[in-house]
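**Q** Just so you know, the sequences run in chain order G and W. Following numbering that gives the first Met the number 0, the numbering of the first sequence begins with 0 at its first residue and continues without gaps. Following numbering that gives the first Met the number 0, the numbering of the second sequence begins with 0 at its first residue and continues without gaps.
Please note that a few of the clues may not be correct.
Simulated pairs of lysine-lysine, DSSO-like, Cα-Cα distance not exceeding 27 Å [to be verified]:
no. : chain 1 : residue 1 : chain 2 : residue 2
1   : W       : 28        : G       : 309
2   : G       : 91        : G       : 37
3   : W       : 50        : G       : 44
4   : W       : 50        : G       : 72
Simulated from the structure, these hints should not be mistaken for laboratory data.
So you can see what is in the structure, the chains are spelled out below.
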Amino acid sequence: MESNLNGSTMTRLTINEHIYYCVPNETVLEVLLREDVKISYACKKGTCHSCMVRSLDNAPPEAAQVGLRDTLKKHNHFLACLCYPEQDMAIKLPDQSEFYTQGSVVANEMLNRNTLLLIIAFRDAFEFTAGQFVNLQRADGLTRSYSIANTPQESNTLEFHIRRLPNGKFSEWLHDEVRIGDSIAVSEARGHCFYLPERSQQGLLLVGTGTGLAPLAGILTDALAHGHAGPIYLFHGSREIEDLYRIDEMRLLSEQYKNFYYIPCLSGDKVPEGFSKGRVDEVSLALFSDLKGWRIFLCGHPDMVNKMKKMTFLKGAASADIYADAFLLTPT
Amino acid sequence: MSNQNNKSIYERIGGEASVNAAVDIFYRKVLNDHRINRFFDNVDMETQVAKQKAFLTMAFGGPNSYTGEDMRKGHAQLVKAGLNDSHFDAVVENLGATLIELNVPQDIINEIVVICETTRNDVLGK
Numbered sequence: 000m001e002s003n004l005n006g007s008t009m010t011r012l013t014i015n016e017h018i019y020y021c022v023p024n025e026t027v028l029e030v031l032l033r034e035d036v037k038i039s040y041a042c043k044k045g046t047c048h049s050c051m052v053r054s055l056d057n058a059p060p061e062a063a064q065v066g067l068r069d070t071l072k073k074h075n076h077f078l079a080c081l082c083y084p085e086q087d088m089a090i091k092l093p094d095q096s097e098f099y100t101q102g103s104v105v106a107n108e109m110l111n112r113n114t115l116l117l118i119i120a121f122r123d124a125f126e127f128t129a130g131q132f133v134n135l136q137r138a139d140g141l142t143r144s145y146s147i148a149n150t151p152q153e154s155n156t157l158e159f160h161i162r163r164l165p166n167g168k169f170s171e172w173l174h175d176e177v178r179i180g181d182s183i184a185v186s187e188a189r190g191h192c193f194y195l196p197e198r199s200q201q202g203l204l205l206v207g208t209g210t211g212l213a214p215l216a217g218i219l220t221d222a223l224a225h226g227h228a229g230p231i232y233l234f235h236g237s238r239e240i241e242d243l244y245r246i247d248e249m250r251l252l253s254e255q256y257k258n259f260y261y262i263p264c265l266s267g268d269k270v271p272e273g274f275s276k277g278r279v280d281e282v283s284l285a286l287f288s289d290l291k292g293w294r295i296f297l298c299g300h301p302d303m304v305n306k307m308k309k310m311t312f313l314k315g316a317a318s319a320d321i322y323a324d325a326f327l328l329t330p331t
Numbered sequence: 000m001s002n003q004n005n006k007s008i009y010e011r012i013g014g015e016a017s018v019n020a021a022v023d024i025f026y027r028k029v030l031n032d033h034r035i036n037r038f039f040d041n042v043d044m045e046t047q048v049a050k051q052k053a054f055l056t057m058a059f060g061g062p063n064s065y066t067g068e069d070m071r072k073g074h075a076q077l078v079k080a081g082l083n084d085s086h087f088d089a090v091v092e093n094l095g096a097t098l099i100e101l102n103v104p105q106d107i108i109n110e111i112v113v114i115c116e117t118t119r120n121d122v123l124g125k
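From just these sequences and the hints, can you work out the full model?
**A** Okay, structure coming up:
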């Protein structure tokens, strides 16, 4: 804390090495606008969430986090328009250009006919929570987001499951041209779809299509590593068996953990023994009549995610307990 | 708005905690109500829950409320799509049912319905 000449304290906001001083009764938004810092905003009353920023060190006042979901609160996100700072904070703005770290490819092999396992290693430990995503950036600046599939316990590496998309510039490059030893730039981890180690008896429902398995596998491993005791259901779906992957690994995991249930779903015509017939949303919703008290994680196809958000809510899951990560495609 | 003890409705009902307790119950009723759920067909659930919280905060006499202009602008497209008094009534009915479920005293429910009524013309663009 700094003192001004009158003896009252001012708090200090640091953004990218610039220091800004908040006088008492000034919100963070007011300071930033006064200082001509580029920040989005609209309602100025905590409703629209346009001015959401993040403290990188000290936790913001609780009053500045009203209305944010618990995972965002945990990572010290807050609303600039509601924040009267009580401590100095180093702040990250969403509009800021991202910080990238160079990593090197240590593994790239196919998980199935169209999904690549990509593992990138870093010199230093990479900070993230299982279930988050990063931007991968090619040397020419082409950038795409991918979810992280591992947990921070496997230090210094990030694992990705990359589906080859027809005419997908980035996925084609990763599949066809990137080799072990190549360097890729990786942004900081983002996202609010992750496991908070609390309510360990709570039922967890994880539903994913295709490479939606990536963040769900991380979240699942994270929950089990924290000793989550409640039932954990993972529904992984695709049209055909050739587009699923890690089937044996998930079956093995369900044998090792009595509270983990793995239900692979196939929506096409060929449904061998051990698989459920139907789309992953149909199968999962048919199994649960009441989801009150459950925590829901939805990852993958936007249609599935949007439908499941609504249906699980209508079946009783609290809106604050539904975490969704829809994989939106970038138009080519 | 306040009673003789000078405590606002928002304080008497329990402030932000009451909004959080009510929003899921209220929004589920709305989504299950065939008279009005078509107006919520293409909205993102997370965004809508945030808006419902803002609405409930306003209805409970809470701070940082919507203005009449916000209401007018926010519902203009829906009015074009046919939003009318019957739909407004249905929403208030669902709110009343939510508050009964939460054991809110009838006198507070009545005051909240009065607050909602003050927004009818703005919401419906009259």
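**Q** Are there hints from earlier that the structure breaks, and if so, what are their numbers?
**A** Those not satisfied: there are none.
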